[in-house]
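Chains as they are written, first to last, in the UniProt record's numbering: chain F, 1 to 118; chain V, 1 to 336; chain W, 1 to 147.
It is worth saying that the hints were derived from the structure and are not from the lab.
Among the hints, a few may not be true.
Stated by the list, open to error - Derived coverage of chain V by chain W (criterion: at least 3 residues anywhere in the stretch with Cβ under 8 Å from a Cβ of chain W; other residues may be distant):
id: 1; region: 153-160
id: 2; region: 189-201
id: 3; region: 204-215
id: 4; region: 237-243
id: 5; region: 246-252
Glycine included, C-beta positions come from ideal geometry on N, C-alpha and C.
What follows is the residue order along each chain.
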Amino acid sequence: MDYIKAFIVGGLFCVVGQILIDKTKMTPARILVCFVTAGVLLTALGIYEPIVNFAGAGATVPLTGFGYALAKGVEKGVREQGLLGAFTGGVMGTAGGIAAAVFFGYVISLIFKPGDKT
Amino acid sequence: MASRVGRYTIKLESCPAVKGYAGVAGKKEGEGPLAEAFDYIYEDDTCGEKTWEKAESRMQKDTLTRALVKANITPTTVDMVFAGDLLNQCIGSNYGLREFGIPFIGLFGACSTMAESIALASLAVDTGCANVAAAITSSHFCAAERQFRYPLEYGGQRTPTAQWTVTGSGAAIIAKEGDGPFIKEVTFGKIVDMGIKDMNNMGAAMAPAAAETIKSYFDDTGLDPDSFDLIITGDLGFIGSRLTSELLEKENIKLKNFTDCGILIYDRKAQDVHAGGSGCGCSALVMCTHIFNNMRAGNFKEVLFVGTGALMSPTSVQQGESIPSIAHLVHISSTK
Amino acid sequence: MKMTKKEYDAMTKVKSPKSNLVKDMIWAFLVGGLICTIGQALLNMYKAFGLDKVNASSSVSITLVFVGALLTGLKVYDNIAKHAGAGTLVPITGFANSIVSPALEFKSEGFILGMSAKMFTIAGPVLVFGISASIIYGLILWIFRLF
Chain F
1 MDYIKAFIVG GLFCVVGQIL IDKTKMTPAR ILVCFVTAGV LLTALGIYEP
51 IVNFAGAGAT VPLTGFGYAL AKGVEKGVRE QGLLGAFTGG VMGTAGGIAA
101 AVFFGYVISL IFKPGDKT
Chain V
1 MASRVGRYTI KLESCPAVKG YAGVAGKKEG EGPLAEAFDY IYEDDTCGEK
51 TWEKAESRMQ KDTLTRALVK ANITPTTVDM VFAGDLLNQC IGSNYGLREF
101 GIPFIGLFGA CSTMAESIAL ASLAVDTGCA NVAAAITSSH FCAAERQFRY
151 PLEYGGQRTP TAQWTVTGSG AAIIAKEGDG PFIKEVTFGK IVDMGIKDMN
201 NMGAAMAPAA AETIKSYFDD TGLDPDSFDL IITGDLGFIG SRLTSELLEK
251 ENIKLKNFTD CGILIYDRKA QDVHAGGSGC GCSALVMCTH IFNNMRAGNF
301 KEVLFVGTGA LMSPTSVQQG ESIPSIAHLV HISSTK
Chain W
1 MKMTKKEYDA MTKVKSPKSN LVKDMIWAFL VGGLICTIGQ ALLNMYKAFG
51 LDKVNASSSV SITLVFVGAL LTGLKVYDNI AKHAGAGTLV PITGFANSIV
101 SPALEFKSEG FILGMSAKMF TIAGPVLVFG ISASIIYGLI LWIFRLF
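For reference, chain F alone in the conformation it holds in the complex (with noise of 0.2 Å):
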């Protein structure tokens, strides 16, 4: 029931991208940050949680997800940390995936060449 769940949010939030492709001129990089930054509004508001408790990783997978990551960290730095924790709090809900990132993008480029699409 969960992965039914997970794939029908997520989903639908590839299909809200695919729109903004299609029917706008933005550029990749331009929608990708407006989902990182919807998930951190959608989180601060409230409004995104219930969606990660209905659908899981199909609400943290997508880019927003990483803006609920961001989020909810920074809202427990502040709880700990107080102001330095909202310095913080971000970058460290997230150093998991940004940490990964940049380590496998260093090791795939030491093993592999880009391809000529042909």
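With chain F held as given, fit chains V and W onto it using these hints.
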């Protein structure tokens, strides 16, 4: 000796000849409809080099070498070479041609460079500035993507209006005498900017420039499309050529026997190239193999070749600017 | 040309083919949904290993980043993305692809000035705006806590 005709056109009285020509192509182009005409098709787009930029230089080096062999002359006989490409600072040409020892005139006309270089080389020969002048350009899909768009492995979706940068190079050796074809007139275009900002729709950006130059030529010479058995643009693609036809119809010029190098070079359906081919190499490769072969065989007698180029950079686009374009026209004939 | 820019723009819009939105949306839904389902399976697996909710989620992110990075290196990600569009852009695998693809590409300019400097050309804005938004949120939270 060259003389001006009308406002923008130049008549080359001595009708300089294309003494030799050659074109080399990448893998995708070698799987396309014109493959038989190409002088060489690389096994893969590295052309045996370590980087895409070096591969593009390699193509230019190979093309000029082959064109010189086919023209039966040595590099020392060539008085000047007009060359350019899409890479920053035109390094495709600079490094590709650095060992030939020919006086080098670097150009930037974006994808109109083949028309621009043939026009200038012909002018040099017609006016006596050169006995032999070479015109060469190239483009490489991978090098262009990484400079103008995205890294190759990036998971982006191409729009239906997007065009595919050709991996290829073409060269023409222009001299007083030769088997032809022959350059009769050239019309240099003005920069035209109709406000298109969409980097994914170059055809639409360049169509007004093509229409403007073609109209100038017909106004200057008093000729019309009936006088030509082929009018071929550089890389307007499917969308740009439709737009050019429509723009000219509004000026009471009905194009006939009209096609585009970007349409000819690929099989649109089988090779999934959306709106067609583009890049300096597109018109260079098509003209310096397929078209010139056909002209020598007498299949096309009077040809108007209109190279088209988009004169923007990623920086100008990011700064919100529109895409200005240019088109240069060369009237090529199979007889003197 | 006797035509205004506006008139030409209108002409261009008529003559330029549009993407097939329905087909694109279906592909995005299916592929995006599939990636999220895989994420859910991983989440359940990590929870079964004993990780708490936050750490399990973090582990899923790391795993999916690895998958996206590997598929990019294997030259497969862009082939899927061609059809899937937002289905591969929106999930965190797309974030990985946008970091690994320039890393791979700009290796030819060396590891320091090329690969590592250019790694964030596409994904950088996500971090800048995401982190900045979180800091603004954090400051607002902190200010509210003072009262």
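Status of the hints after comparison with the structure:
Coverage of the region 153-160 of chain V by chain W holds [criterion: at least 3 residues with CB-CB distance below 8 Å; count 8]. With 5 residues having a Cβ less than 8 Å from any Cβ of chain W, the region 189-201 of chain V passes the three-residue criterion, so the hint holds. Figure legend: the region 204-215 of chain V, annotated as covered by chain W; annotation consistent (5 residues with Cβ-Cβ distances under 8 Å, at least 3 required). For the region 237-243 of chain V, the stated coverage by chain W is satisfied: 3 residues place a CB nearer than 8 Å to a CB of that chain, which reaches the threshold of 3.
For the region 246-252 of chain V, the stated coverage by chain W is satisfied: 4 residues place a CB nearer than 8 Å to a CB of that chain, which reaches the threshold of 3.
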